[in-house]
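Could you put the whole structure together from the sequences, leaning on the hints where they help?
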Amino acid sequence: MTAIELRIGNLIQWISTGNTDVVKDIVTLDKREANVNNVSISDCIGIELTRDWLLKFGFVYRGIYYHFPNNDIFKLEQYKNKNSFWLRHGSESIDCTRINHVHQLQNLYFALTSEELQLTNEEKTKWTI
Numbered sequence: 084m085t086a087i088e089l090r091i092g093n094l095i096q097w098i099s100t101g102n103t104d105v106v107k108d109i110v111t112l113d114k115r116e117a118n119v120n121n122v123s124i125s126d127c128i129g130i131e132l133t134r135d136w137l138l139k140f141g142f143v144y145r146g147i148y149y150h151f152p153n154n155d156i157f158k159l160e161q162y163k164n165k166n167s168f169w170l171r172h173g174s175e176s177i178d179c180t181r182i183n184h185v186h187q188l189q190n191l192y193f194a195l196t197s198e199e200l201q202l203t204n205e206e207k208t209k210w211t212i
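187 is the number that the numbering used here gives to position 104 of the sequence shown; each next residue is one higher, with no gaps.
Any given hint could turn out to be false.
Said to hold, decoys possible - Computed Cβ-Cβ distance ranges for the label pairs, DEER-style:
1) R181 - D126: 22 to 28 Å
2) E199 - E131: 17 to 23 Å
3) E88 - Q201: 17 to 23 Å
4) R181 - R90: 18 to 24 Å
5) I91 - S125: 17 to 23 Å
6) E199 - I87: 33 to 39 Å
7) P152 - I91: 23 to 29 Å
8) K114 - L202: 29 to 35 Å
9) F193 - E131: 18 to 24 Å
10) Q201 - E131: 18 to 24 Å
Hint data in this document are derived by calculation from the structure and do not stem from the laboratory.
Glycine included, C-beta positions come from ideal geometry on N, C-alpha and C.
This is the structure:
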């Protein structure tokens, strides 16, 4: 993962503890090194995007794709039953980019809707990020 992949508000995972955290601060130190929340970016990884994470964000499974009820144009199709997804538009899959991590989904959702992807209220009360 590199600093250019992250935005403030993205979810990441710390390698040392396995804890999930929200990116609150990104400082680029040089071409290869950056700090996230005052810790080296090399100490964090992307969170694997799974069915459970989609449900935490409010997606609903509809046969062959995951549908986001608040935005009818945003649908994801799972790639060969793996934790990798494609954006779906109408009846077509847009398979040029696979979405493998939570922060990628957050960034794509924001790019397409100009809104932040939020955890459901139920998920927000289960754990603090």
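Hints and how they fare:
1. R181 - D126: 22 to 28 Å: The hint (22 to 28 Å, Cβ to Cβ) holds, given that R181 and D126 are roughly 25 Å apart.
2. E199 - E131: 17 to 23 Å: Holds - the Cβ-Cβ distance for E199 and E131, about 21 Å, lies within 17 to 23 Å.
3. E88 - Q201: 17 to 23 Å: 20 Å, holds
4. R181 - R90: 18 to 24 Å: 19 Å, holds
5. I91 - S125: 17 to 23 Å: Once the Cβ atoms are compared, 19 Å apart, the range 17 to 23 Å for S125 and I91 holds.
6. E199 - I87: 33 to 39 Å: The hint (33 to 39 Å, Cβ to Cβ) is violated, given that E199 and I87 are roughly 19 Å apart.
7. P152 - I91: 23 to 29 Å: 26 Å, holds
8. K114 - L202: 29 to 35 Å: Holds - the Cβ-Cβ distance for K114 and L202, about 34 Å, lies within 29 to 35 Å.
9. F193 - E131: 18 to 24 Å: 20 Å, holds
10. Q201 - E131: 18 to 24 Å: 20 Å, holds
The structure fails to meet hint 6 from the earlier list, while all remaining hints are met.
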